[in-house]
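Protein chains in written order, with our numbering: chain Y, 3 to 295; chain U, 112 to 440.
Think of the hints as simulated: they come from the structure by calculation, not from any bench.
Among these hints, one or two may not hold up.
Subject to a maximum C-alpha distance of 20 Å in a straight line, what follows is the list of computed SDA-like cross-link-like pairs (lysine to any residue) [stated by the list, open to error]:
hint: 1; chain 1: Y; residue 1: K91; chain 2: U; residue 2: F412
hint: 2; chain 1: Y; residue 1: K265; chain 2: U; residue 2: V230
hint: 3; chain 1: Y; residue 1: K91; chain 2: U; residue 2: V230
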Amino acid sequence: MGALPQLVVSTLLLGGIYALIAVGLTLIFGIMRVVNFAHGEFLMLGMYLAFWSFSLWRLDPYVVLVVALPVFFVVGLLSYWLVMKGVIKASHNVQIFTTVGLSIALQNVALVLWTGDYRFVRPWHASEVVRLGGAALNLSQIVAFAVAVAFTGGLMAFMKFTHAGRVMRATAEDREAATLMGIDTERVYRLAWTIGIVCVGVAGVLLSPVYTVYPQAGLQFVLLAYVVVVLGGLGDMRGALFGSLIVAAVETVGAYTLGIAWKEVLYFVLFILVLVFRPAGLFGQRGAETLGM
Amino acid sequence: MRRHAGAIVLFGLAAVAPLATRDAYFLDMIVLILMWGAISSAWNVAGGYAGQVSLGHAAFFGLGAYSAAVLTVHWGLSPWIGLVLGMALSIVAGLIIGYLSNRLRGPYFVLATIAFAQVLLITASRWREMTMGSEGIPVPFKQGFWALGLASKVSWLYLTLGFALALYLVQVYLEVSRMGYQLAGVREDEDAAQALGIAGRRLKVIAIAMSAALTSAGGTFWAQYVGFVDPFYVFSIDLSILFALNTIIGGVGTALGPFLGSILITWLEHYLRATLSDIAPGLIGVHLIIYGCLLIVMVRFVPQGLIGALGALFTWRARAAQRERHART
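Just chain Y, with the same shape it has in the complex:
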């Protein structure tokens, strides 16, 4: 059982990061009823923001974090106005292909502008090893985890205690009733989309010291985030946290027992099983999936 502490700590750290990616996705889904297939591309943009700031101006990713908030706020608003606003009331299929189109476009803008080369952001803390009990950890991972948890916690507090948060939850629960109560749903959608994009953009900056930066980098994370979000119940933020931990656990234990090569199969199989047996998520409302909610 010598590996146990390492597995537990790795699971926690990984789970924290997945949570930040997934929370934005689940927020957008919960309120707009749109699965954002371009979510991973915003993560990739965050990674590139960190990469260019680091290689051009030697800025540490944690400094870039402060810049990333306003930058992704603007990116979120722009993408909402240009792309999402017109399809809010459209059918599922239109929405799906709109975000798929956005994903293809963004991915290839990155490819054309910055080539497909693998890039690395390696500030001093990326190679700092911290020993904690029986586990060895990378300092960047620990900071990324801490920031991700603080961010996710902040977002959940925002949703629970502020007026804007309450308005968003009300809209998520019942669009029509919210409109009748005088809620400007258009503003709510804009806010939800923008917050979701900010979350995932920040996650991209945080991940940059630990992972490789390239135009398709978003794909592996976003597939994972779908798994997380469906496990937790689409639109359920607390569910997304549990989902993140479950996926992270499957991933670390899978990598330990089966080897890195096969770990991904594990969580996709888990994903399909959940879709078959509990499609509304482990904690979600039964039946949501057949309404396409």
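Following the hints, position chain U against chain Y.
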């Protein structure tokens, strides 16, 4: 007959093209347009006619490509046997996906199809003994029809033309047959169709399995034509998106739509690749940026696709002509 005028012109032109030119680049383009058009038509059977939008059809395409390549490489069997095996495997896979389609709707179903293709992608790229792993399989070339080793582009053109025609006819069948009408009913309002006694669930599953088998056949042909099977391409989500893209651009749920989409998209890709790679090697992604934007604009403003837009243009002109006649009398 008038309904099929467009198809007769298109397929007719493809058939006589080798008489006009033997230019390899030009013939290659026609083969690819027909092939992608046919495979997108297969997607259309599920995504358009049955209304079950999938972004995992690369799974079936890959099964077809791998079945033929693996049987040829390991056991020296004919790719035609691989074609049948691939279709059989895809029917099984299609039944699984079809089962899911009865439990999941909208985005949930799309996510399930993506996950399914990913599982196959990972398996193909890791199962080294069978699939040669992530390096992919070079398909050995053996001359002859039985080995699907057709040396001339012209033979390939007629083979894919036959495949494309078959797919066109399958779609036409789905427009005029009893099954087609029932499927349309299920697509528009499943509960109402069920209430009328249509076995909606079974129909959807049959349509998806059919679509899967046809896509798989396309995968086999493609792999034999190109001569190489790369797991990261044949099972990729990009490829699944391409099938949907061709169909949406051309016109979802129409028999000619996927072919029109394929003409535009395949031509655009080749044209832009050729012109832009002369300017700078980094620019080859430009055609994909255009695809992305085109997709966003089309689904929002022209959801009927090129067919719908052309149809609207014709009725508009017919009406204008009619008005003119009325005005004169």
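Tested hints:
1. K91(Y) x F412(U): holds (14 Å)
2. K265(Y) x V230(U): OK: K265(Y) and V230(U) at ~11 Å, within 20 Å.
3. K91(Y) x V230(U): Distance of about 33 Å is beyond 20 Å: violated.
In this structure, only the earlier hint numbered 3 is contradicted, and the remaining ones agree with it.
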